[in-house]
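Engineer: Here the structure of chain E is known, so what remains is to put chain C in place on it, guided by the hints.
From first to last, the protein sequence lines are chains E and C. Under the working numbering, the very last position in the first sequence is 164; numbers go up by exactly one each time. Under the working numbering, the very last position in the second sequence is 424; numbers go up by exactly one each time.
Read the hints as simulated data drawn from the structure, not as lab findings. For every residue, glycine included, the Cβ atom is placed at its ideal position computed from N, Cα and C. Among these hints, one or two may not hold up.
[Claimed, not checked] Computed cross-link-like contacts, DMTMM-like style, restricted to lysine to aspartate or glutamate with a CA-CA straight-line distance of at most 25 angstroms:
1) C:Lys186 to E:Asp65
2) C:Lys120 to E:Glu12
3) C:Lys200 to E:Glu16
4) C:Lys200 to E:Asp18
5) C:Lys144 to E:Asp18
6) C:Lys144 to E:Asp65
7) C:Lys144 to C:Glu119
8) C:Lys423 to C:Glu373
9) C:Lys151 to C:Glu137
10) E:Lys145 to E:Glu156
11) E:Lys145 to C:Asp16
12) C:Lys186 to E:Glu59
13) E:Lys13 to C:Glu204
14) E:Lys13 to C:Asp16
15) C:Lys120 to E:Glu16
[As the list claims (entries may be wrong)] Part of the chain E face toward chain C, derived, beta carbon under 8 angstroms:
16) Ala24
17) Tyr35
18) Asp65
19) Met87
20) Ala120
21) Cys121
22) Cys125
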Amino acid sequence: MLPEELLESLQEKIAETDHPRELAVDIMFVLQNHYGYLSDEALEEGAGLLGMTPLELEELATFYDFIYREPVGRYVIHVCDGVVCWMNGYGSVVDYLRSKLGINPGETTEDGLFTILPTACIGYCDLSPAMLINGRAYGPLTTGKIDEILQRLKTEPPRPRMAR
Amino acid sequence: MTAMYPQILFQNRKPDRIATIEEYRQSGGYQALTTVLKHSPKELQQMVIDANLQGRGGAGFPAGLKWKSVADDAPCPRYIITNVDEMEPGTFKDRFMTHADPHMIIEGTILAGYAVSSEKGFIFVRPSYESSATILEREVRIAKEAGYLGKNILGSDFSFDIVVHRSAGRYICGEGTAQINALMGKRAHPQQAPPRSTEKGLWEKPTVLNNMETLVNIPHIVRNGPDWFKGLAKTKTSSGTKLYCVSGKVKRPGCYELPMGTRFREIVEESAGGMIEGSEFKSCLPGGASTSYLPKNFSDVEMDYDSVKKIGNRLGTGAIILFDQKTCLVDATLNLIDFFVRESCGWCTPCREGLPFIRDLIWRIENGEGKEEFIPMLRTMSAHTWKSYCAFAPGATMPVASLLTHFADEVHEHISQKRCPYKG
Numbered sequence: 001m002l003p004e005e006l007l008e009s010l011q012e013k014i015a016e017t018d019h020p021r022e023l024a025v026d027i028m029f030v031l032q033n034h035y036g037y038l039s040d041e042a043l044e045e046g047a048g049l050l051g052m053t054p055l056e057l058e059e060l061a062t063f064y065d066f067i068y069r070e071p072v073g074r075y076v077i078h079v080c081d082g083v084v085c086w087m088n089g090y091g092s093v094v095d096y097l098r099s100k101l102g103i104n105p106g107e108t109t110e111d112g113l114f115t116i117l118p119t120a121c122i123g124y125c126d127l128s129p130a131m132l133i134n135g136r137a138y139g140p141l142t143t144g145k146i147d148e149i150l151q152r153l154k155t156e157p158p159r160p161r162m163a164r
Numbered sequence: 001m002t003a004m005y006p007q008i009l010f011q012n013r014k015p016d017r018i019a020t021i022e023e024y025r026q027s028g029g030y031q032a033l034t035t036v037l038k039h040s041p042k043e044l045q046q047m048v049i050d051a052n053l054q055g056r057g058g059a060g061f062p063a064g065l066k067w068k069s070v071a072d073d074a075p076c077p078r079y080i081i082t083n084v085d086e087m088e089p090g091t092f093k094d095r096f097m098t099h100a101d102p103h104m105i106i107e108g109t110i111l112a113g114y115a116v117s118s119e120k121g122f123i124f125v126r127p128s129y130e131s132s133a134t135i136l137e138r139e140v141r142i143a144k145e146a147g148y149l150g151k152n153i154l155g156s157d158f159s160f161d162i163v164v165h166r167s168a169g170r171y172i173c174g175e176g177t178a179q180i181n182a183l184m185g186k187r188a189h190p191q192q193a194p195p196r197s198t199e200k201g202l203w204e205k206p207t208v209l210n211n212m213e214t215l216v217n218i219p220h221i222v223r224n225g226p227d228w229f230k231g232l233a234k235t236k237t238s239s240g241t242k243l244y245c246v247s248g249k250v251k252r253p254g255c256y257e258l259p260m261g262t263r264f265r266e267i268v269e270e271s272a273g274g275m276i277e278g279s280e281f282k283s284c285l286p287g288g289a290s291t292s293y294l295p296k297n298f299s300d301v302e303m304d305y306d307s308v309k310k311i312g313n314r315l316g317t318g319a320i321i322l323f324d325q326k327t328c329l330v331d332a333t334l335n336l337i338d339f340f341v342r343e344s345c346g347w348c349t350p351c352r353e354g355l356p357f358i359r360d361l362i363w364r365i366e367n368g369e370g371k372e373e374f375i376p377m378l379r380t381m382s383a384h385t386w387k388s389y390c391a392f393a394p395g396a397t398m399p400v401a402s403l404l405t406h407f408a409d410e411v412h413e414h415i416s417q418k419r420c421p422y423k424g
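Only chain C is shown next, with the shape it has when bound in the complex:
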């Protein structure tokens, strides 16, 4: 069971309410802030580098190195953005975390601010989590009254404030550079480097954008040290715990904190209680909608960035979506590609034109109008999306390409029978 593993990020999680600032403090909260103020920002950066904290937004890029990429002589003000706008279908950890222990997010954000000598942080919240925005706004006020935010924090030279920024939708806003544009009241298009956001981001100033789940780890790394943090993981190449979101045809869908690198089978069987009655495991998307279908024979995979990459897939956000034997994966892929078609920002042609083309072909296959020649067409068109401006469209075609690879029989069946075999 989940409870066997140490709960770090969810240590103050309660079934029916949000942890208060007192409860957070009693568990050691804000001690890390007191500690780091006696050390230099560089020391904090190094500690996070030593802890091998991989960014939890999906790419797994080391958070400490991201901070370090802000040059010593970079102009001020510098900004921190905490991403509570993860909109990957299948993920909901932002909601769980804000409703469990909002001060861990706030302290993590303040520490990130200290690490890069920033004075202002934004917490960017998606509109369907209005309750999270309300909670964060209230708790930011409380943290300020307690002296953890504002001018000369705890009597130091360090001043830092947090603004809770509400968004109004759209998946692309979860992409770092698009989020920066959105914050500036511009249309949320992604922006290719150079310059990197850590050079010129929000209002042309150095900006570090971190996933919420990345930042909640910082207070614990400071208090317990990098080696302790590395020891939390099950695998050597990873560190810390992970908030895995499990949904679909399982008995107990939910968000579970487990050691990074916990085996897929264990997450599904032990934490999520296995498949629902009458359902057998068919496949899953291991890291949200923009990852590849995982076939049955990989269910022993250790769920960390490197291990999932080794089998040609992505850990992504760690949002595991489970499909059973009664679910048509062609139809599921149609739903997924439809999502990406709607959410494309429309900036570049491979995405704007390529994705609807792919959707049309899959729609035809699902609706009995498929032809064998569509399969190479789907592959070619998916490959074209790798020429698009940002990572959105290549991500969108991950389920498509993996459907053709791992579930080719199901696709052929649709084509030869001129109907969806799953529809009565």
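Next up, chain E with everything else stripped away, as it sits in the complex:
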């Protein structure tokens, strides 16, 4: 269940809109932030709020690559495998992350901190190779930079995900 305050803020936002479905992605992001991923329960709650059936919302949830229908780590590392990042070292970035975190793309570390996801071009070609972690972009990446980023995320208190 969503906390009363969050629920009310969503209801208010929806009431202000002529077409609640326009907010489907926003609502999914809010629920995903709250639950850590878009659980079945979250999906049903979201659909109820938007006046949609869970199936209608599921059609959207499974369509988008930034909506997570399965549990993910606190930090979701979207490694860009677009053609520019590919030619500028995507392969070594993902290999380094794999060895450093001990997981493959699609998996989450045991401590629940990190998930690696392969991601289509994120539009940081001028900073390639690049990756996105909880809405924040990093690049051009080197092994040293990756170490620094991971270390900081491990030790810093978690910040809320940017909008997602």
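Structural biologist: Relative to the frame of chain E, chain C by itself:
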């Protein structure tokens, strides 16, 4: 150097921060809005038609004519959508522009709204540009407080509001009709005309969707006139400046504002600083992932819609991706087709089935399992994609077809050696 050319869209760009509304105003910002409110929407349309502003989304369709296609007696409300969701691999101008001068985007959107008598605009933003969405949301609020948005703008009869709409990914959402479906909370499938979106788009109402880069030109056209705008370009058939994104094996990857029609060689050598040390130019995709490889002998081409079309290619989004002599173009094509396979919305069979088939053949060639008979198969299958529902799949096969045309030797080498000659 780039600085030699007038900077119109990037005139307020700063190395370390976003231009404020005051800075935008000092540079003449929101004067165009004050001016157009004294004229009719038709006059604004005509001015943009006279300026020959070609839509910057890739097709180059004249923006003024798109506006004009909203019938005078079309129902209301009418909607404007500003596309900040360009997801073509190689492009990032949306991010540069929103971080340089967000009010230029906002004023451009308001002017588009006025041109078609719309009351509401959406700025549709891709998720990997969350910072752009945050900036736009904040600056829209500021513009509203300043009286440029809301009811009776600057004391006129014109009322207009902007909503910043966040997306959650997928390349196809950059396609106009798919974007309209996405906005309505529907699965983002493209929609063929009829009806056109300008007749029945968002919520069945007339909707005009413009690329962000198209709209940022409008305030300048209004303030300086169509002839001035046409004079900015290097070629006769084009007008204005262009935000070229240059990436890949160049010294200074980035987004450069240059006259439309600047020669390819100049963009790469002067603006982007040439190829990186040890790299020689081999080829490029001149307009993003859904354009064709440009062979060496065309490096003098003037980068505008007509000139690039004349050599059988597309300017697309003006996102130039450079490949060097050490990069295997079969492998690059595998990466590109893999992107399109993943991003296909799956609606129609030529795309859903054809693209994975093509990927499989290219994978085999790259991995030493290629056969000569694959080459005609690739051509046939690429041709089939032209029967697909939207322009996505034909775009996806542009790199494939051009690989076979311009880099046939490289493909044959992979097949005859049963290995990728670029892998040690």
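Engineer: If a hint holds in the structure, say so; if it doesn't, say that too.
Structural biologist: Against the structure, the hints:
Of the pairs offered as hints, the one joining Lys186 (chain C) and Asp65 (chain E) holds, with about 15 angstroms between alpha carbons and a cut-off of 25 angstroms not exceeded. Taking the CA atoms of Lys120 (chain C) and Glu12 (chain E), the gap is about 20 angstroms. The hint holds against a cut of 25 angstroms. Annotation: proposed proximity of Lys200 (chain C) to Glu16 (chain E) holds, straight-line Cα distance about 24 angstroms (limit 25 angstroms). The hinted pair formed by Lys200 (chain C) and Asp18 (chain E) meets the criterion: a straight-line CA distance of about 18 angstroms does not exceed 25 angstroms.
A threshold of 25 angstroms between alpha carbons decides the hint, and for Lys144 (chain C) with Asp18 (chain E) the separation of about 20 angstroms falls inside it, so the pair holds. Taking the CA atoms of Lys144 (chain C) and Asp65 (chain E), the gap is about 33 angstroms. The hint is violated against a cut of 25 angstroms. In summary, the hint linking Lys144 (chain C) to Glu119 (chain C) is supported, as the alpha carbons are separated by about 14 angstroms, within the 25 angstroms threshold. Restraint check: the Cα-Cα separation between Lys423 (chain C) and Glu373 (chain C) comes to about 23 angstroms, which is no more than 25 angstroms; the hinted pair holds.
The hinted pair formed by Lys151 (chain C) and Glu137 (chain C) meets the criterion: a straight-line CA distance of about 18 angstroms does not exceed 25 angstroms. For a cut-off of 25 angstroms, the pair hint linking Lys145 (chain E) to Glu156 (chain E) stands: about 16 angstroms separates their Cα positions. Restraint check for Lys145 (chain E) and Asp16 (chain C): the C-alpha separation of about 21 angstroms stays at or below 25 angstroms, so the hint holds. Using a Cα cut-off of 25 angstroms, the hinted pair Lys186 (chain C) and Glu59 (chain E) holds, with the two alpha carbons roughly 8 angstroms apart.
Between Lys13 (chain E) and Glu204 (chain C), the direct Cα distance comes to roughly 23 angstroms. Compliance with the 25 angstroms bound is thereby established for this hinted pair. Between Lys13 (chain E) and Asp16 (chain C), the direct Cα distance comes to roughly 34 angstroms. Violation of the 25 angstroms bound is thereby established for this hinted pair. The suggested pairing of Lys120 (chain C) with Glu16 (chain E) holds, with an alpha-carbon distance near 14 angstroms, which does not exceed 25 angstroms. Interface restraint check: Ala24 (chain E) against chain C, minimum CB-CB distance 4 angstroms, threshold 8 angstroms, status holds.
With its C-beta approaching chain C no nearer than about 16 angstroms, Tyr35 (chain E) sits outside the 8 angstroms limit, and its interface hint is violated. For the restraint placing Asp65 (chain E) at the interface with chain C, the shortest Cβ-Cβ distance is roughly 4 angstroms, inside the 8 angstroms limit, so the hint holds. Interface restraint check for Met87 (chain E): the shortest CB-CB distance to chain C comes to about 5 angstroms, inside 8 angstroms, so the restraint holds. Taking 8 angstroms as the C-beta contact cut-off toward chain C, the hint placing Ala120 (chain E) at the interface holds, the least distance being around 6 angstroms.
Residue-level restraint check for Cys121 (chain E) holds (minimum Cβ-Cβ distance to chain C is 4 angstroms; threshold 8 angstroms). With a cut of 8 angstroms, the hint placing Cys125 (chain E) at the interface with chain C holds, because the nearest CB-to-CB distance is about 4 angstroms.
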